[in-house]
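Engineer: Listed in order, the protein sequences are those of chains A and B.
This note's numbering applies: residue 1 is where the first sequence begins, and numbers increase by one.
This note's numbering applies: residue 1001 is where the second sequence begins, and numbers increase by one.
Derived by calculation from the structure, the hints in this document are not laboratory data.
Be careful, since some hints might not be right.
[Stated by the list, open to error] Calculated pairs, DSS-like style, for lysine-lysine (alpha carbon to alpha carbon, straight line, at most 25 Å):
id, chain 1, residue 1, chain 2, residue 2
1, B, Lys1016, A, Lys71
2, A, Lys133, B, Lys1039
3, B, Lys1094, B, Lys1155
4, A, Lys51, B, Lys1337
5, A, Lys183, A, Lys158
6, A, Lys37, A, Lys182
7, A, Lys113, B, Lys1034
8, A, Lys117, A, Lys158
9, A, Lys47, B, Lys1016
10, A, Lys121, B, Lys1039
11, A, Lys158, B, Lys1012
12, B, Lys1012, A, Lys71
13, B, Lys1116, B, Lys1086
14, B, Lys1337, A, Lys71
15, B, Lys1256, A, Lys71
16, B, Lys1020, A, Lys51
17, B, Lys1086, B, Lys1129
18, B, Lys1163, B, Lys1181
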Amino acid sequence: MILLDSVTKKYPGDNEPALDSVSLHIEPNEFVFLVGKSGAGKSTLMKMITKEEIPDSGKIIIGGIDLDYVKKRDIPGYRRRLGVVFQDFKLLPRRTVYENVAFALEIAGMSGKEIRKTVPKVLELVDLLDQAKKFPGQLSGGQQQRVSIARSVARQPKILIADEPTANLDKLTTEEIMGLLKKINDFGTTILVTTHNENIVNTLQKRVVTMKDGKIVNDQKNNGVYELSEARVPVRRVQTPGHALKQKKKVILS
Amino acid sequence: MTKDLDKSEKIKHVSKSSLKTMRRTYKRNIAREKARIVKYGTRGFSRNIWLSTAATVVMAFTLIILFATVVASVILTNTAELMKDKIDITIYLKPGTSAEALAELTETIKKDPNIKSVVTSTSEEEYAKFLEDNAGSEDIINVLDEEMTALMIDKMQATMRIKVYNIDNLDSIKKLVATEKNFVQNIDEEKAPTYDVNQVEIATITSWARIARTGGIALGVVFLVVSILIIFSTIRMAIFSRREEIYMMKLVGADKSFIRGPFLIEAEICGLISGLIAATISYAGFEFVAPKLSRYGVDISTISNVLHSNRLVLVYLVFIAVGVIIGRISARMAVSKYLNKA
Chain A
1 MILLDSVTKK YPGDNEPALD SVSLHIEPNE FVFLVGKSGA GKSTLMKMIT
51 KEEIPDSGKI IIGGIDLDYV KKRDIPGYRR RLGVVFQDFK LLPRRTVYEN
101 VAFALEIAGM SGKEIRKTVP KVLELVDLLD QAKKFPGQLS GGQQQRVSIA
151 RSVARQPKIL IADEPTANLD KLTTEEIMGL LKKINDFGTT ILVTTHNENI
201 VNTLQKRVVT MKDGKIVNDQ KNNGVYELSE ARVPVRRVQT PGHALKQKKK
251 VILS
Chain B
1001 MTKDLDKSEK IKHVSKSSLK TMRRTYKRNI AREKARIVKY GTRGFSRNIW
1051 LSTAATVVMA FTLIILFATV VASVILTNTA ELMKDKIDIT IYLKPGTSAE
1101 ALAELTETIK KDPNIKSVVT STSEEEYAKF LEDNAGSEDI INVLDEEMTA
1151 LMIDKMQATM RIKVYNIDNL DSIKKLVATE KNFVQNIDEE KAPTYDVNQV
1201 EIATITSWAR IARTGGIALG VVFLVVSILI IFSTIRMAIF SRREEIYMMK
1251 LVGADKSFIR GPFLIEAEIC GLISGLIAAT ISYAGFEFVA PKLSRYGVDI
1301 STISNVLHSN RLVLVYLVFI AVGVIIGRIS ARMAVSKYLN KA
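For reference, chain A alone in the conformation it holds in the complex:
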């Protein structure tokens, strides 16, 4: 579902690359945590997936599409296939909760009738139906993040990526949001979440990919735990260039 092969990215003016030959393969319906300290390259990796950034070298294949073939005019359409949740919610401040969710459907060309049917269902999923007429500024951080999630899943994407979705939230709200993401994953959506939060990673016991200095230093397939301390990072499986591709190629070519 998500495949990165030997992806390297260096920003102009930086001495070290933000991503250094990163290879990663995420299967459909997987729930993956991407952990690492600030500057480890997590956000750059996310930006590669949303095609906000373009790699200097390497391949990225998302949902069967090689991003090299996604031209500028295709970017909006490609992004509509993804669900994206941001740390700072990125809601439209001058539009109501209902309109924010509806916006995701409108840009996909959905009819008014379909939108009127879909939005209440999605808002119900995130338990915000009663807040539909409020503006984002009138909601708590947790509620805003739930709107953001509602917006990202309204189009029923196969992939949902969340960049530090709980960074600005308290413990209780964090659990709530993670519960919601897990529920969405149970519906069949592949989820990639970047986080700093040790508790949620350890509680959910999903696959954990650890990044450091632009490299993947650890990839714990099942029941992964959060281990950021350098001394404690067990380098169980550092992927070599092409490793992810070999696996993915089997799937694509079969």
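On the provided structure of chain A, position chain B as indicated by the hints.
Structural biologist: This is chain B only, laid out in the frame that chain A set:
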């Protein structure tokens, strides 16, 4: 490994067909999209009421200045032309020059392309005019007995009053009057033509007319540029405060036209309202100032004719069109700046 991947026609095929499907399945309905753009544009205008009001006021103010510049230019030019039109050159002919001789001289001088009109007057007609001008003066009327009248008619020059198209170029007329046989025979040597008498006034008025015309155009262009810059900056500031919104819309996959549309509509609404306000204020302002200007002999007829006819609707439409066009261009440029970034 990447090289292997490049060779992989299968991946290329899968990607390209997925993209093709993606484009095909996007149910783009232009009418629906336009309706949504208008809906969000009008909602945006009312939800950003303070910014919208500020932009509208600035735009209305600059449109009024623009109108005032155009009106001033037209009025100044018209007034200068009117004054120039009042100036004539008088050629004095010997007393007793007959009407036939005057007609002949008229024919001769009219051959000059600079001649606009010629009005002649015999000695008798000049005397009649003298009486008319002095009708209220009893001291003069009382002394004009038959003998005195005959003496005056004998002494009064016949005149030829000429209006020209170009007051700056009288050389050919001067030459004609000085050398043409008929003129040489009939011209009164005691009283020279008035080419030079009004020279200073003519020069002053001519230069004023020129300044009004060229200065008016230059000022108009300057004001137009300044107005566009002011309106552009105002709208750009309004959009600058919402650049994050543009970025968010891009990230969730909105097309450029769908992001840009509501901003353009908002700016167009600003333009429309400011056009209406500016036209109304300008009209009322002109109505207030016009009588005062008229009293000073300023020619307001052209503007007055336009504003007091069906063309007033056209004036309103021009105001609105200018506002909407400037608003749209400014918004488009400002949004593009942030649209192309993300």
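Engineer: Taking the hints in turn, state whether each one holds.
Structural biologist: Here is what the structure says about each hint:
no.	hint	result
1	B/Lys1016 - A/Lys71	11 Å, holds
2	A/Lys133 - B/Lys1039	17 Å, holds
3	B/Lys1094 - B/Lys1155	9 Å, holds
4	A/Lys51 - B/Lys1337	19 Å, holds
5	A/Lys183 - A/Lys158	14 Å, holds
6	A/Lys37 - A/Lys182	23 Å, holds
7	A/Lys113 - B/Lys1034	17 Å, holds
8	A/Lys117 - A/Lys158	21 Å, holds
9	A/Lys47 - B/Lys1016	22 Å, holds
10	A/Lys121 - B/Lys1039	23 Å, holds
11	A/Lys158 - B/Lys1012	21 Å, holds
12	B/Lys1012 - A/Lys71	14 Å, holds
13	B/Lys1116 - B/Lys1086	12 Å, holds
14	B/Lys1337 - A/Lys71	20 Å, holds
15	B/Lys1256 - A/Lys71	14 Å, holds
16	B/Lys1020 - A/Lys51	18 Å, holds
17	B/Lys1086 - B/Lys1129	18 Å, holds
18	B/Lys1163 - B/Lys1181	22 Å, holds
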